Amino acid sequence: MPIELTLNGESIALDIDPRTPLLDVLRDRHGLTGAKAVCREGFCGACTVHIDGQAVPSCLRPIGLLQGCNVVTVEGLTAPGTLNRVQQAFIDHDVVQCGMCFPGMVMTLTTFLDGTPNPNRDEVKSALVGNICRCTGYERIIDAVLSIRSEGVA
Amino acid sequence: MTAQTGYGLITTPQTVAEAVAAMAGGAVPIAGATWLLRAPLRHEPMPDRLMSLRCLTEVQALDIGPERAVIGAMVTHDALAGALAGQPDLAGLATAAGASANPGIRRIATLGGNLGAAGFAASDLVPALLAADVTAVLATGSGLQSLPMAAFLAGRGGGGLILRVEIARSARRAAHARLPMRKAGDYPCAIVSVSADVSGGTIRDIRIAVGAVESTARRWSSLEDRLTGTALDPARAEAAAREMSDDFTARDAVDAPGWYRLSVLPVLLRRAFTQIKV
Amino acid sequence: MNRPTDPRSVVMNLPRRDALDKLTGRTRYTSDLGVGVLHAAIVRSTVASARILRMDFAPALAIKGVRAIAQASDAPGLFGIGIADHPLLNGTRIRFKGEPLAAIAADTLEIARAAAAAVIVETEPLPAVMTMAEALSPDAPTLHPDWKSYELLRDGGIRGGNVAWEARVIRGDTDAAFARPDVTIVEDCFQVGRQNQLPFEPRCAVASFEDGRYHIHTSTQVPWTVRAVTAKALGVSASRVRVTVPAVGGGFGLKFDCTIEPIAAVLAQKTGRTVSLVHSREEENLTCLCRENAELRIRSAVTAAGEIVGREATVLMDCGAYGGEQVFLTTMTAHTLGGNYKLGSVRLNSRAVYTNTPPNGAFRACNGVYNTFFLERHTDNIARAIGMHPLELRRRAVLGDGDIGATGQVFQGDVLRPMLDRMAVLIDRTKDHRDKADGRLYGRATTVGTWFIFVGPSSATVNLNADGSATLVTSGVEIGSGTMVQALPQIVAATLGLSPDEVIVKSADTDAAGRDLGVGGGRATVSIGAASKMAAERVRDQILDIAAEMLQAQPEDLILTKGRVEIAGRPGTGMAITTAIARAEALFGPVSGNGNFTAPGVNALPGCAAGHFIEAIDIPVFAVHDCEVAVDPDTGHVEVLSYKVVQDVGLALNPRAIHSQIQGGVVQGLGYALHERVTVGPDGALEQPGFEQYLVPLAGDVVPVEIDLYEGAPSIGPLGTKGAGEVPILNVGAAVACAVSRAVGRDVSELPLTPPTVLALIQGRTGRMDHPQISAIWQDNLLARAT
Ligand SMILES: Cc1cc2nc3c(=O)[nH]c(=O)nc-3n(C[C@H](O)[C@H](O)[C@H](O)COP(=O)(O)OP(=O)(O)OC[C@H]3O[C@@H](n4cnc5c(N)ncnc54)[C@H](O)[C@@H]3O)c2cc1C
Ligand code: FES
Ligand code: FES
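Chains as they are written, first to last, in the working numbering: chain A, 138 to 291; chain B, 521 to 798; chain C, 8 to 794.
Chain A on its own, in the form it takes in the complex (with noise of 0.2 Å):
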């Protein structure tokens, strides 16, 4: 039996080995390589996506899982061609190097800003617990993140 789950506001079927990860369901079959596989056991967030509107790794979510579920990548967080405040504080910061921990980042800064408005920065920094950044050190991004809080304040 397919599973029938909505990928980034399309619903689609999947006719596969329900063991499949998520991750690769989304890199290999649709083309939507915003999530990168770079540890596969949940330690470093790079896989993030939002499913029913919570972030979560997709490397560890099997598609069997999924039926019915919603499931949005970086690819489809925002219209084509625009940027939400996050991905916009990140370009006006400067804090992007190599890129591959980014989708991930944003998909869960995206989602706990949500949900914590105003956070101070020890909070920034445990909701980052999930997402390893191998270059920039971390600092940086969370500046980046505390502007938007008191962009929000303001």
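FYI, nobody ran anything at the bench for these hints, they're computed from the structure. Some hints here could point you the wrong way.
To be verified - Simulated pairs of lysine to aspartate or glutamate, EDC-like, Cα-Cα distance not exceeding 16 Å:
| # | chain 1 | residue 1 | chain 2 | residue 2 |
| --- | --- | --- | --- | --- |
| 1 | B | K703 | C | D508 |
| 2 | B | K703 | A | D259 |
| 3 | C | K443 | A | D259 |
| 4 | B | K703 | C | E129 |
| 5 | B | K703 | A | E260 |
Said to hold, decoys possible - One side only, chain A facing chain C, incomplete, derived with CB under 7 Å:
| # | residue |
| --- | --- |
| 6 | M138 |
| 7 | L142 |
| 8 | G171 |
| 9 | E178 |
| 10 | G236 |
| 11 | V266 |
| 12 | R277 |
| 13 | R286 |
Remember, it's a predicted structure, so these values are computed and weren't measured experimentally. Note that CB positions come from ideal geometry on N, CA and C, so glycine has one too.
Mind docking chains B and C with the ligands on chain A? Use the hints.
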């Protein structure tokens, strides 16, 4: 790397009876999948026949009542931490659920999966549930079975579908001290979970559970006996624990040598006591 | 015509042009290209040392969907840097667990992996050595019995048995120095483990074979090395290989070598299809070309005034099963361990040692990171022994203008001493964080470090387009450091009076651009930058000549600014640059210019250095780091409370981007100092296959680095720049180790300082470090010169 050949199957039983029957036929429950999907990394085969617990209402309960708390097997770490906030007798479990792993994993990994992952030595929930003295309720071929945690752990792998755990509420206070190598995010190398009945500064009754030190978490009964009836004193508890730490045969593993786990156990006990005291 | 570009006009916090796609997930890395192609998997050895008796591919070929097999005979020959000792696919003698033996292309990755697992490899075990101590013992089995027959790609190294390469420095009379009655002699042993680069994108390549030529898309820092090695392995002319490089998902030196690309090329040629070969994380980690583990014995003779009159040291560097990068890196000891301080006399010996473990490689500030740790901890021990404050000792002993380095090179300019003063100012500006230690042990240390910019050949072409934009064609690749998207367009734009976003930067394509040594060693801004600047100047000169004619002015009086040619001092009198371009195109055709660059060469003292690839450093770079730590006496956890960097940058072209590099580099250094541990198991395999075991710093483990960019030190880089991306990691291990050592009141002799290591130190479980495998008599560690 194990190559996956052929299609696997994930069925979705509609009733507990169907699920139990499926298990008897070899189907393996899949909950958050955060353990099962890592099977290839452990060089273990991924089970071909899995069953999702999504449609079983019996495993979804999350009811923190004044007398009794009932936590269904499919409750995620995240949901559990949220529901237990502000309950002193369940503070240890709340910390265990809220500080384990990382936020993304906490949103999907479940209580049942944490209990079911028998090969996982560093589970946070297991010692917290031992200290909370919960009863695990399992559905088996011969009907419902209620087991104290220790008995459940001893028989783990013997099958049975975990439905929920039940906890008798009390005026006890609990704490959970874990020690990862970084600030957070990695597996703890040692865990001490404590639940104590304290009145007038004296410990009337105490349960101490130790995780990650041996391959399976267990209660530290000799230390419990020693501390019962004494004052709730973090420093003295630490000293007592240090004297008795050879009760454990600690694991040497890539993350930490055994001596290190034993060395920090008393410190974690002190930290747990300090939390309880506050 | 000599028209200096005003360096200040180039300086800006230019944002990255690649950020938008990277943030929206649209950037296509090599590892994203494997859609609709064949997938390859590598057959690897399961033991560390054995003779291969037989390989049977029949069971693999029987699997449906298997398309081709590449084996040793398909990519014959031996490769290396310095010594050709390394087969790409090994068909005869296994020297480490996980060694590539063959590769299989199939319709899907699952099939390829199943087929790889089905290959039968029959072996006869051989004795193995897992540590350098074992490898150097008199009765050790030799990993490369045929070492004498190997082709030498570079002369001068002393070799023999399990010593792949030995590089020595001998300057002055150390015997006399140590015999002086007025000196204190301080002797120490130190060691470090390996560090995994862990770039997020693993090593991967996508190869195709079209029109008789190989085309390899790969995640590399060295497209020209890949081209050369692939051609040699395949036995074809290098012109038959084209290498293109999309965005690279991190390198840090790991991708400074050619590893899997030729294998993908063989499979593409055999199948006629495009083949994707991507390491799994486990393969990547277990065969990672790590920063090598190293061991040191050092002793110094120092006067009461802090004058280091003699120094002797022997460093052992584990190259793993093949010489690789370590052969070259033996060179660096002279400039790192032999750096920082004035030495009256010195004898250094760096030995690259073969073991039956996975080969090591290059990692950001290779060799320098641990030698700086060794040197700075040793310097603290010297200070203690002569009763001088460690900062005072450094202030007195650091290299200054006219001082000679270990190999006799003369340093120009006082740099380290004023940088120490700048650090003192930075420290004074912020209060100390002792209160944050909150009952834990508090320590603080300031350390110095010497590094260099790795120069070497680069080329560039600038095409000035009719619309007034320019296209810069080089072999540079964007590995995340921002050179290709920030520094280079800034340099070209400033020369041509354009804005940086009017400069198109072509990513590396060996069919389009000239040869280049690669991106790494901090060289991209300097070497590619210099070539780009020269190319842009040649374009500028052509335009100014044309415009001068049109404006009836002298070219010397014209400037290019804001897309216009103007008469200097009379804005608005000139013309749009497009007008001049149109005229040039009508007269001679499109305007373009080429530029090139190579190592200028700085002198060492003749006869000081033997077996060195680099005897003197062209562009030294200095760094001063300061760190405060709190150590939990109960668990051994080290928390970094503050971190400060004063870095010698020459000219800061893009200060914001340099700050990013420093923050990122320091954090990688914190990983090295505190968390990142690679261990070799009893079977010779690395024990950290994934992120569960290999711990890198997370957001909660780091602090914002306070930064002061030190400008103005001499540099031959374009506009006075120096590379800024490599050096930030240099003295982090040193600063943390010195601070922890002071906090716990014990000698820190090894990294990483994981909680168990620190707790063992605090509890006195760790004895004084000694390396019996390194003789206390310096000469006894030397090989007889091979004949
Ligand atoms: C990156 C990462 C870090 C982690 N860190 C921690 C940590 O610090 N502390 C911690 O405690 N945990 C941690 N975990 C989680 C832990 O390792 C397990 O992955 C998790 O607890 C499993 O839960 P799950 O719901 O995903 O189980 P699944 O993977 O779905 O199942 C796990 C096992 O339990 C069985 N099972 C599941 N439900 C039932 C049931 N109702 N009845 C019977 N058997 C059942 C399954 O058959 C399987 O054998 C971490 C996980 C990851 C990926
Ligand atoms: S790839 Fe999924 S968490 Fe790392
Ligand atoms: S920018 Fe490279 S991993 Fe984060």
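Mind checking the alpha carbons of C/K443 and A/D259 for me, to see if they're no more than 16 Å apart? holds (15 Å)
Hinted pair B/K703 and C/E129, Cα distance within 16 Å: violated (46 Å)
Restraint outcome when A/R286 is required to lie within 7 Å of chain C by C-beta distance: violated (16 Å)
Evaluation of the interface hint that places A/G171 against chain C, nearest CB under 7 Å: holds (2 Å)
A/R277 as chain C interface residue, shortest Cβ-Cβ below 7 Å: holds (6 Å)
Checking one constraint from the list: CA of B/K703 to CA of A/D259, max 16 Å. Satisfied? holds (12 Å)
Quick one, are B/K703 and C/D508 close enough, alpha carbons at most 16 Å? With Cα atoms ~42 Å apart, B/K703 and C/D508 exceed 16 Å; violated.
Next item in the hint list is A/V266. Is there a CB on chain C closer than 7 Å to its CB? This hint holds: A/V266 lies near chain C, its Cβ roughly 6 Å from the closest one there, short of 7 Å.
Keeping to a limit of 16 Å between CA atoms, is the pair of B/K703 and A/E260 held or broken? holds (13 Å)
For the restraint on A/G236, tell me whether the closest CB of chain C is nearer than 7 Å. With Cβ-Cβ at 3 Å, under 7 Å, it holds.
Hint status (Cβ of A/L142 to nearest Cβ of chain C, threshold 7 Å): Nearest chain C Cβ about 19 Å off; hint violated.
Would you check whether A/E178 satisfies its interface hint, that is, whether its CB is within less than 7 Å of any CB in chain C? holds (6 Å)
Checked against the numbered hints above, the structure violates hints 1, 4, 6, 7 and 13; every other hint is satisfied.
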